[in-house]
Amino acid sequence: MDYIIHILILIGIYAILSISLNLVASAGIISVAHGALFGLGAYVYAVLGATFHLPFSVALVFSSLATTFTGILLAVPSLRLKGDYLALATFGFAIIAYDIFDNLLLFTKGPMGITDIQGPDFPFQVHGKTWYLFLVTAFAVVTYLLARRLLQSPWGRVIRAISEKESLVTFSGRNTYRYKLVTFAFASFWTGVAGSLYSSYLSYIHPSNFLPMTSILILCMVVAGGMGSLTGSILGTSIFICVPEVLRFLNLPSSVAGNTNELLFGLALILFMLFKPQGILGKYLSLNE
Amino acid sequence: MRTDGEHDPGIILSVSNLTVAYNGNIAVSSLTFEVTRGRILGLVGPNGAGKTSVINALLGIAPKVTGSILLAGSSLRDLRSYQIVRLGIRVVTQQTQTLNAMSVLENVLMGMPEDESDRFVSAFFWKKALTKGETKRKADALALLSLVGLNGDPDAPAGGLSYGQKKRLEIARTLAGEPTVLLMDEPTAGLDTGGVGDVCQMLKAIRSSGKTILLVEHNMEAVRDVCDEIIVMDFGKMIAFGKPEEVLANPRVLEAYIGRGEHG
Chain A
1 MDYIIHILIL
11 IGIYAILSIS
21 LNLVASAGII
31 SVAHGALFGL
41 GAYVYAVLGA
51 TFHLPFSVAL
61 VFSSLATTFT
71 GILLAVPSLR
81 LKGDYLALAT
91 FGFAIIAYDI
101 FDNLLLFTKG
111 PMGITDIQGP
121 DFPFQVHGKT
131 WYLFLVTAFA
141 VVTYLLARRL
151 LQSPWGRVIR
161 AISEKESLVT
171 FSGRNTYRYK
181 LVTFAFASFW
191 TGVAGSLYSS
201 YLSYIHPSNF
211 LPMTSILILC
221 MVVAGGMGSL
231 TGSILGTSIF
241 ICVPEVLRFL
251 NLPSSVAGNT
261 NELLFGLALI
271 LFMLFKPQGI
281 LGKYLSLNE
Chain B
1 MRTDGEHDPG
11 IILSVSNLTV
21 AYNGNIAVSS
31 LTFEVTRGRI
41 LGLVGPNGAG
51 KTSVINALLG
61 IAPKVTGSIL
71 LAGSSLRDLR
81 SYQIVRLGIR
91 VVTQQTQTLN
101 AMSVLENVLM
111 GMPEDESDRF
121 VSAFFWKKAL
131 TKGETKRKAD
141 ALALLSLVGL
151 NGDPDAPAGG
161 LSYGQKKRLE
171 IARTLAGEPT
181 VLLMDEPTAG
191 LDTGGVGDVC
201 QMLKAIRSSG
211 KTILLVEHNM
221 EAVRDVCDEI
231 IVMDFGKMIA
241 FGKPEEVLAN
251 PRVLEAYIGR
261 GEHG
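If you read the protein sequences in the order shown, they are chains A and B.
Position 258 of the first sequence, counting from 1, maps to 258 under the numbering used here, and the rest follow consecutively.
Position 77 of the second sequence, counting from 1, maps to 77 under the numbering used here, and the rest follow consecutively.
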């Protein structure tokens, strides 16, 4: 049972990431930096919690503000780029971030990782995985509801229009850059929340948790579920979390299992692009048509 | 034409010594003209005459522009496109621009000026007043759809409309922005005779509502029908200006068109 709850917790944490990345994709932005921001959130939480012993809620808020701020710093120059160039710039950030996690020993302790990261300290103590599942689910539901609210609002209408034809939105008198920047900052905030939850749940993090591949994995979840569909993101997340777990039962050697995962992710992404580019529940056939 | 620096309230758009260049090639050379409020000024000329470059310069998307562009006395130079649009200029482009994945109604709503309900925080703190505002915007959008003769399902995807219907939708979206000056780049292109007649009627109705139109057009029947005055351009320069009947009888204009096999 503990194992199933563990999987559900991971689905919840990654759902926060894929839903927030879907918002970014809804604005026509292909970002491959979400995993790096997630890692930053996890490390900021870990350092504040393990070194400065800040309470869970305070460390989570600071971690989310840190990812929001970093997201803005990344977005300011990157959002001037379009399409593939934008994706490459954000991927560059993911690579740099991993190197920092691996080498900034003073804060991250490098490959040793940070241990004894504290968990939540709400008035009702969150003991055991079941309580943790409730906590993560609550955050995932809030992320979903806020993202849905945003997409259904006039703001959401504008970002959907930007993804389809940005010039048309410009010629309606709207500063598309500002819309994209704010959407990216909002999504970055949730990477901090997800990172804090991940860090406090595992109580031990190390750089290999946040390889550049993590960003691609989150993007795969969004693409498979369907860009523009938040429910699709949850479905995509469930698929990409559960499939590697199923592989565990095949008793493959660990050296093969890891590569098989990556192979399957890559294959799934190619197949989706070829046969169902809008994803399982997606609405949009393509971005920047 | 006026050449002094004072602003005449009757003149809504004033362009002087406009030069537009692309990669060192001059597309428009020292063009000067004015558009009177509430009138339709036609901009005609053979392909490559520089008409669309003038539109691009007015919208702030031409790469290298010199000269002066004043909208109601305010300079448009060095402004970004969205800032120019906010001042009251809207465009109907040559290539029909619709948001195909969005509904017909949403397309028109996208043309409306930005207001409080468009703000990020408004999405989370949706007040009654904002809901009321959105309801009014939807009612206004439906009225515009009716005005341009799109009486089908407003919630249907715009991608399912025919070419002519998309053109009407684009005009409805542009009007939703309550422009003072409307730039129209070949609005009759690709339309049949009936469609051209409908667009001409629409342009006259827009003029009657007090809006000003700068019309780039190849269809000379449409130009004769709707324009109060026209400018003829050739190789980036103005070669004639005046009332359509007089200008289109001008030998230099005839040579620019007929001499090179262009048809009106």
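Simulated from the structure, these hints should not be mistaken for lab results.
Hints may contain errors.
[Said to hold, decoys possible] List of simulated lysine-lysine pairs, DSBU-like, C-alpha gap at most 35 Å:
hint	chain 1	residue 1	chain 2	residue 2
1	B	K138	B	K243
2	A	K165	A	K276
3	B	K243	A	K82
4	A	K276	A	K82
5	B	K64	B	K243
6	B	K138	B	K128
7	B	K204	B	K136
8	A	K129	B	K128
9	A	K165	B	K138
10	B	K204	B	K166
11	B	K166	B	K128
12	B	K243	B	K204
13	A	K276	B	K204
14	A	K82	A	K165
15	B	K237	A	K276
16	B	K166	A	K82
17	B	K237	B	K204
18	B	K204	A	K109
19	B	K204	B	K127
20	B	K138	B	K166
21	B	K166	A	K165
22	B	K237	B	K166
23	B	K136	B	K166
24	B	K204	A	K82
25	A	K276	B	K128
26	A	K165	B	K132
27	A	K129	A	K109
28	B	K64	B	K166
29	A	K82	B	K64
30	A	K165	B	K127
31	B	K138	A	K82
32	B	K166	B	K132
[Said to hold, decoys possible] Restraint-style ranges between C-beta atoms, simulated for each label pair:
hint	chain 1	residue 1	chain 2	residue 2	range
33	B	S74	A	L274	29 to 39 Å
34	A	K82	B	E116	21 to 31 Å
35	B	V121	A	Y204	29 to 39 Å
36	A	I95	B	R39	50 to 60 Å
37	B	F235	A	I72	45 to 55 Å
38	B	W126	A	P253	32 to 42 Å
39	A	P277	B	N23	42 to 52 Å
40	B	N23	A	I239	41 to 51 Å
Where is the CB? At the ideal position from N, CA and C, for every residue including glycine.
Violated hints - listed by number, lowest first: 1, 3, 8, 13, 15, 18, 19, 24, 25, 33, 38 and 39
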